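Trainee: Sequence:
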Amino acid sequence: MTRKSIRFTACLAALLLFSSPAYQQEKGRGKLHFSKPLLNENILRSKQNLDASIVLTKVPRDLFIDGDTKTERDIEWTPSNVTCVLRYGTRPGDRDLANYPFTLNATGTGRLTLNPGKENLRTGVYYCILVAENDSSLTSVEFKVIVQANAVAVARSPLGKVDLQQGPPLFSWDPVEGVPYYFLLLSEGPLSIDRDENGKIVGVTGVNLIWQVITPSTFVRYGDPDPSGNFINAHVPPLLPNIEYNWIILNSYSAEGDLITGDVAPVAPLFFEVERPTLPTPPRLLQPAADQVVTGNTISFRWNPVPNVTHYRLFLYETRKVSTNEISFAMWSQVTSDTEVELQAKDFLVNTGYHWRVVAENENGLVTSEYRPFTYGGPSGVIQFFVTSAEGPLSRVKLEVRNEANSELLVPFLTDSLGISETVLPVGEYSYTASKVGFVTTQRDNFRINDGSTTFVTVEMARASTTLSGRVVDETGRGLLDATV
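Quick note, the sequence shown lines up with residues 26 to 510 if you use the working numbering.
It is worth saying that the hints were derived from the structure and are not from the lab.
Everything numeric in this text was worked out from a predicted model, so none of it was measured.
Hints should not be assumed to be uniformly reliable.
What the hints assert, rightly or not - Calculated cross-link-like contacts (lysine-lysine; reagent style BS3-like; alpha-carbon spacing at most 27 Å):
#1 K143 - K72
#2 K143 - K169
#3 K143 - K95
#4 K72 - K186
#5 K371 - K423
#6 K169 - K186
#7 K169 - K423
#8 K186 - K83
#9 K423 - K72
#10 K169 - K95
#11 K95 - K83
Turn these sequences into a full structure, and let the hints guide you.
Mentor: Next up, the structure:
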């Protein structure tokens with residue numbers, strides 16, 4: 026038997042989305058809370074707004090609901106003696122009036138009241154500017170108005186029993202008119218929807234993430250890369266028999282995952298089980314033992330051989346707390362024909378709980394071991410970034426962190442609504458850059474993680490002098506993700 030020593034970059038795939046919603050562990054079950062979507066963040070304090078001829082002082086921060094004529098929001102500006110109309114389009118317009126072909130009936134002097142239901146604004150994302158009624162050269166900066174659908178997608182497949190003889194299942198659902206993106210979350214084990222006293226969805230309990238995507242399409246095959254790029258999905262496990270898989274599909278009004286909603290119509294988890302040939306004898310895990318605390322620089326994973334298998338797949342699952350979030354996900358996998366894998370752990374694992382599982386396979390089928398817990402007790406510390414600008418704290422800033430010991434990049438972290446991103450890292454030297462659309466990317470700077478302590482890093486970002494915005498569509502007008510311009 027040949028022992029394999031593995032080094033890898035930890036894949037914190039779920040952190041890109043769930044750095045903003047609160048994600049907690051409840052009695053061993055992952056608990057995901059959706060934060061309230063907030064629009065037009067930092068617009069009022071931006072230099073572009075303060076330098077505009079029409080200065081916005083109040084804009085909508087939440088989403089409207091299609092058909093609701095009772096909800097209205099004020100839009101206010103200075104000079105308060107200027108009468109303005111609201112013009113809008115369905116794509117970013119860069120303050121070019123030709124890109125805002127539609128006009129609301131509502132007008133006002135210093136203030137107008139927006140009621141999308143009465144204006145017959147249906148589901149969609151609208152890009153808006155204020156224009157002075159008597160002088161069209163006087164305009165505000167662009168801001169968004171979003172009308173969310175009063176319906177959710179109806180799932181088509183997979184449901185019930187799913188035969189994998191034809192390959193991985195295709196997830197599909199009916200479109201919701203006006204909804205630009207959909208968020209799909211797949212979990213191993215039962216899920217339950219959490220609602221507040223008004224029946225609105227506030228979260229999901231029982232989450233054991235194995236795959237997720239945000240897509241403009243109404244179908245995606247299991248294991249495919251995330252079209253939005255929010256999730257790495259680098260270690261997607263095989264679907265196993267005798268396990269209930271649950272998934273939910275929610276409307277999303279951006280590709281970044283900060284405008285996911287599901288509080289306007291009944292939503293329930295959809296479940297399925299897979300049918301596939303299985304082998305009679307599962308791998309028996311040997312080391313680490315159940316609930317063992319491992320403290321060495323390396324970890325040796327060992328299991329008993331299974332007769333007549335061609336290879337094994339070892340999966341390592343991590344439960345990690347990031348700020349207020351606690352996430353369980355598959356962080357690493359390795360394919361081997363041996364029954365032992367040695368992992369160089371000290372540069373990649375932190376002081377937290379892990380699980381591991383081995384799947385044995387041949388051309389006739391597969392079989393899985395138990396799902397075994399252990400704890401890694403190696404040295405680690407906390408890094409907390411606070412990102413701000415002249416306009417205040419900045420959310421959804423991408424922090425690209427590099428481990429200077431091996432020059433490997435970690436999956437980027439995102440700041441939350443308070444401009445904070447916090448996570449645990451192994452002891453060592455690191456560097457980072459911070460980037461956000463509309464701001465100048467920072468120069469790479471260094472920090473050190475010390476055992477058992479928190480390192481605080483404050484990042485000041487400046488507005489970019491120029492920005493490029495637009496929308497790439499196909500021949501049908503549908504938005505395209507990851508297009509190169």
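Trainee: Indicate, hint by hint, whether the structure satisfies it.
Mentor: Checked hints:
no., hint, verdict
1, K143 - K72, "violated (33 Å)"
2, K143 - K169, "holds (18 Å)"
3, K143 - K95, "holds (9 Å)"
4, K72 - K186, "violated (56 Å)"
5, K371 - K423, "holds (25 Å)"
6, K169 - K186, "violated (43 Å)"
7, K169 - K423, "holds (22 Å)"
8, K186 - K83, "violated (52 Å)"
9, K423 - K72, "holds (21 Å)"
10, K169 - K95, "holds (20 Å)"
11, K95 - K83, "holds (19 Å)"
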